[in-house]
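Protein sequences, first through last, are from chains A and B. Using the working numbering, you'd call the opening residue of the first sequence number 1 and step up by one each time. Using the working numbering, you'd call the opening residue of the second sequence number 207 and step up by one each time.
Check each hint, because a few of them may be wrong.
Unchecked claim - So the derived label-pair ranges between C-beta atoms look like this:
{"no.": "1", "chain 1": "A", "residue 1": "132", "chain 2": "B", "residue 2": "244", "range": "37 to 45 Å"}
{"no.": "2", "chain 1": "A", "residue 1": "118", "chain 2": "B", "residue 2": "224", "range": "21 to 29 Å"}
{"no.": "3", "chain 1": "B", "residue 1": "210", "chain 2": "A", "residue 2": "78", "range": "37 to 45 Å"}
{"no.": "4", "chain 1": "B", "residue 1": "254", "chain 2": "A", "residue 2": "53", "range": "53 to 61 Å"}
{"no.": "5", "chain 1": "A", "residue 1": "98", "chain 2": "B", "residue 2": "207", "range": "44 to 52 Å"}
{"no.": "6", "chain 1": "A", "residue 1": "47", "chain 2": "B", "residue 2": "251", "range": "42 to 50 Å"}
{"no.": "7", "chain 1": "B", "residue 1": "207", "chain 2": "A", "residue 2": "47", "range": "17 to 25 Å"}
{"no.": "8", "chain 1": "B", "residue 1": "209", "chain 2": "A", "residue 2": "151", "range": "22 to 30 Å"}
{"no.": "9", "chain 1": "B", "residue 1": "256", "chain 2": "A", "residue 2": "123", "range": "26 to 34 Å"}
To be verified - Chain B is nowhere near these chain A residues, computed Cβ spacing over 12 Å in every case:
{"no.": "10", "residue": "16"}
{"no.": "11", "residue": "108"}
{"no.": "12", "residue": "140"}
What the hints contain is simulated information worked out from the structure, not anything from laboratory work. Virtual Cβ for every residue (Gly too), placed ideally from N, Cα, C.
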Amino acid sequence: MHTIALNPLATAVGPHLFWITSRAAGIAALLLASLSVCIGLLMGGRILKAHRPDLRVAHEALSLATLAALVVHGLTLLGDGYLHPSLADVAIPFLSGYKTFWTSLGIVAFWTLLVLGLSYYARNRIGVQRWRKLHRFAALAWVLGLAHSLGEGTDAGQAWFLAMVAIVAVPALALLLARLQRSNTTSAPVSRSVDPAPAARPSVAR
Amino acid sequence: MRRRARRIRRAVASLAVALFATAFLIVYVQLASGHDPALVANAAKRHAATTSTTSTEATSTSATEASTAAESSSGSEESSSGASAVTTSQS
């Protein structure tokens, strides 16, 4: 005769399907965004010069997949029977009563990624140089998303989650730090040359 | 070139679906087997609350029992001194 040891905490999954879907979509979004940031930094830092068109296509596809996963992450939460959030709760920062700071961080990261991501398709109107400067903030939005998942994520303390995130987020963080360091060291002489001494400035008649 | 781009897009879409499915499966199994971190934390909190309530109840019960015992042992003294107290207050 077999005896089955049942865990008293084993739960009927049915009522939690929306919650599980939201969590899975959030995890997928974080991993996809990390990969996208990695490729973006590799392209922007001119570390990988070969296969540039392929990298650009991959970066774009990963960004769009991230946005789709984030939409699923937010919208499926509306069906959760425990939290019962409204659309405003998941779309407007500092409105939700549940872990307000971390939730707001995630919402701000989402809107920033959405605007900066979709601005790619209007870069000719914005101006390519200006768009490039703006697009750098996408990395900041990714950092906010990472903080949101580690601060609020249900699975943030789980070994499998931390391992999954570390595999893609650590290289992205390293690339981001390297990029920031490089831009700091190169920005000093550039700013001197951009802003010449007053005597050297040509006088402009107004 | 276009075909290559399409292949990359398809690979990314497959990767996204695979990541979502893997995460979904892990969370599902975690929840079904009773190892979900949120539910475990909730259960621990509830258990701690129940334990503290029970211990408070036990303490109050033993205190009541002790006072009852004390009352019964000094019952005769109270009845005699009770009258004097009333007398004192009246005067």
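Outcome of the hint check:
1. A:132 / B:244: 37 to 45 Å: Cβ of residue 132 (chain A) to Cβ of residue 244 (chain B): about 41 Å, so the range 37 to 45 Å holds.
2. A:118 / B:224: 21 to 29 Å: Since residue 118 (chain A) and residue 224 (chain B) have Cβ atoms about 25 Å apart, the given range 21 to 29 Å holds.
3. B:210 / A:78: 37 to 45 Å: About 39 Å separates the Cβ atoms of residue 210 (chain B) and residue 78 (chain A), which means 37 to 45 Å holds.
4. B:254 / A:53: 53 to 61 Å: Holds, since residue 254 (chain B) and residue 53 (chain A) (Cβ atoms, about 58 Å apart) stay within the stated range.
5. A:98 / B:207: 44 to 52 Å: holds (47 Å)
6. A:47 / B:251: 42 to 50 Å: Given range 42 to 50 Å: holds, Cβ gap about 48 Å.
7. B:207 / A:47: 17 to 25 Å: With a Cβ separation near 23 Å, residue 207 (chain B) and residue 47 (chain A) satisfy 17 to 25 Å, so the hint holds.
8. B:209 / A:151: 22 to 30 Å: violated (43 Å)
9. B:256 / A:123: 26 to 34 Å: violated (59 Å)
10. 16: The assertion about residue 16 (chain A) is violated, with a minimum of 6 Å to chain B.
11. 108: Nearest chain B Cβ is 23 Å from residue 108 (chain A), so the label holds.
12. 140: holds (23 Å)
Hint violations for this structure: numbers 8, 9 and 10, all remaining hints satisfied.
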